[in-house]
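2 protein chains.
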Amino acid sequence: MTSPDTSRVDAYAAHEPGASLTSFDYEPDVLGPHDVEIEITHCGICHSDLHLIDNDWQSSAYPLVPGHEIVGTIAQRGALITHVDVGERVGVGWQCGSCLQCEWCERGDENLCASIAETCVGRPGGFADRIRVDGRFAFAIPDALSSELAAPLLCGGITVYSPLQQHARPQSRVGVIGIGGLGHLAIRFARAMGCEVTAFSSTAAKEEEARAHGAHHFVSSIDDTALKGQRESLDLVISTVNSPLNWNRYVSALRPNGVLSFVGALAEPVTIHTGMLMARRRSVTSSPIGGRSTMREMLDFAARHTIGAQVETLPMSEVNAALDRLRRNDVRYRFVLRRD
Amino acid sequence: MTSPDTSRVDAYAAHEPGASLTSFDYEPDVLGPHDVEIEITHCGICHSDLHLIDNDWQSSAYPLVPGHEIVGTIAQRGALITHVDVGERVGVGWQCGSCLQCEWCERGDENLCASIAETCVGRPGGFADRIRVDGRFAFAIPDALSSELAAPLLCGGITVYSPLQQHARPQSRVGVIGIGGLGHLAIRFARAMGCEVTAFSSTAAKEEEARAHGAHHFVSSIDDTALKGQRESLDLVISTVNSPLNWNRYVSALRPNGVLSFVGALAEPVTIHTGMLMARRRSVTSSPIGGRSTMREMLDFAARHTIGAQVETLPMSEVNAALDRLRRNDVRYRFVLRRD
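Chain order of the listed sequences is A and B.
Residue 194 in our numbering sits at position 194 of the first sequence; the count goes up by one each step and never skips.
Residue 226 in our numbering sits at position 226 of the second sequence; the count goes up by one each step and never skips.
Please keep in mind that the hints were generated in silico from the structure rather than gathered at the bench.
No residue lacks a Cβ here, since even glycine has one placed at the ideal position from N, Cα and C.
There is no bait here: all hints are sound.
What follows is a list of derived Cβ distance ranges for each label pair:
no., chain 1, residue 1, chain 2, residue 2, range
1, A, N242, B, P269, 20 to 26 Å
2, A, S220, B, Q58, 28 to 34 Å
3, A, Q166, B, R304, 31 to 37 Å
4, B, T313, A, S220, 54 to 60 Å
5, A, A226, B, N246, 33 to 39 Å
6, B, E106, A, E268, 38 to 44 Å
7, A, D56, B, E106, 44 to 50 Å
8, B, A204, A, N242, 41 to 47 Å
9, A, N320, B, E106, 54 to 60 Å
10, B, R211, A, R328, 56 to 62 Å
11, B, G194, A, H51, 39 to 45 Å
Using the sequences and the hints, build the whole thing.
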């Protein structure tokens, strides 16, 4: 066995837009003083990985190694990395770097930095045996969280935790639209925070699942009469879906000072009546992942409440089967790839 | 002269939608224990008065006495009113009542109460010699503010002060769209709060005025190239206009955590790309007037900085001339009617 410093990384890559992944190896960058090398044990699959494979955002370069919900152990660390040890279990999410000196970085909002580096955009991601990344964006995983639980938290979890951290109090009434990978985590977090939780889904059959995740109430997301009945009942609504709904009904569902946060990527813009915002001082917003302190806080909170995604774990060698099923929405609720 | 308790109120009223106002007198309600009777000296004219006269909101009842930027002196007070004395100068704005026992009232957000009473909706307003209203919504006017300065603050002022109070810090970069009755007050308040202020107007000729009110910068609100140049430059943008603009340009003009607040009434909904909200954790919001503590705070702040509207004062007998000119936007920037 060659030393980890010089051996090539074994990965899975798409070689053109929309292609199946095939084995691919590459020479890793020299380990810099702030870098760590992580021996990957698990990597979650996020819808963003499909978008990258398909070049939906016109940002993809091929060969493209997806994967940005990475859990593994530190194999090497650069001279300036002291907060994680070799052998320690860590996670890396969507963000793997920022300038660390702008006002947003200095405030702990590294996710708002204009110079954000993204784990599998322009650099190889976590569908691989190893990865070298800036160790300042590697987070110790609390012992109480299994690696399967932890992996999807690193992107899916932080995405829904952030709006809850920003806008919810334990006393809040929180609505979650869409009971999928993001939505079921939002329900679990909101419930653990002490909130009253209403799940919205277009699939009536998901009521039982939604309640099992912690929802107190279930409402059809497309039944106009049911939505009208929710008028002025919620302090925060988190939309995790990527297809259009009657958004003004959800604005109406907000109580005074209520917030509608779109964390699901919508292709179409939303059309909002400002008079409905004015009457009750409501807001419409969104947020991208979360900063480093928010990531640490989320992992602590998830560990305290044993919150993670409901996952289906497959060997990393079956990545294409997982991606195919994800394209068909055939997963409850997140895939995690495991290196055997 | 009859005692004020029994004499009829002399007012100006519209007798049908869109009509000119004519003299109208009415028997005032019995003065309740929480009421005050105000001998009106000044009343501002707000665009809302035109909307009410024209029944634009399908809420008007005729004869309709407009006027909700009222300044005068206490002529009588109910047994339970102790915070203002007979002879004291007070103001009344758009709101003249609320339940005072819901969670919003208890928090000082009476403007968000579901049972808000409005000064000239369903009851006679301030284009009159007197008015009887709930004294708990009558605010002492600081000595430093003339009645002409104070009157437009009671609706126009509080409307733009509220989003500044909610979202601006002295360090904020604030944009104000529209240099009219609301906009020039927003510029004056933001400048006095220590903010860096950018005025947006479709009228290039307003640059000099905007700078005189306190704007540091002036940008065309309709020049797409100029708007693109404002990208990620502002923390708060307050729109006071009621015609559509390229709103996504203004969203782009927001820095991370930035807020776009619509206080101008827009007939058409706004269409927003949620991806632009997400990338920088931006929000779109609005707010209605302000609660009682906000009103008092605004009047104190305005007095400290001698902030009021730039007004044109006319005798109340010339109300129809003023309304006609307001319909043509022929005023810099607010009319105040004075009882001679």
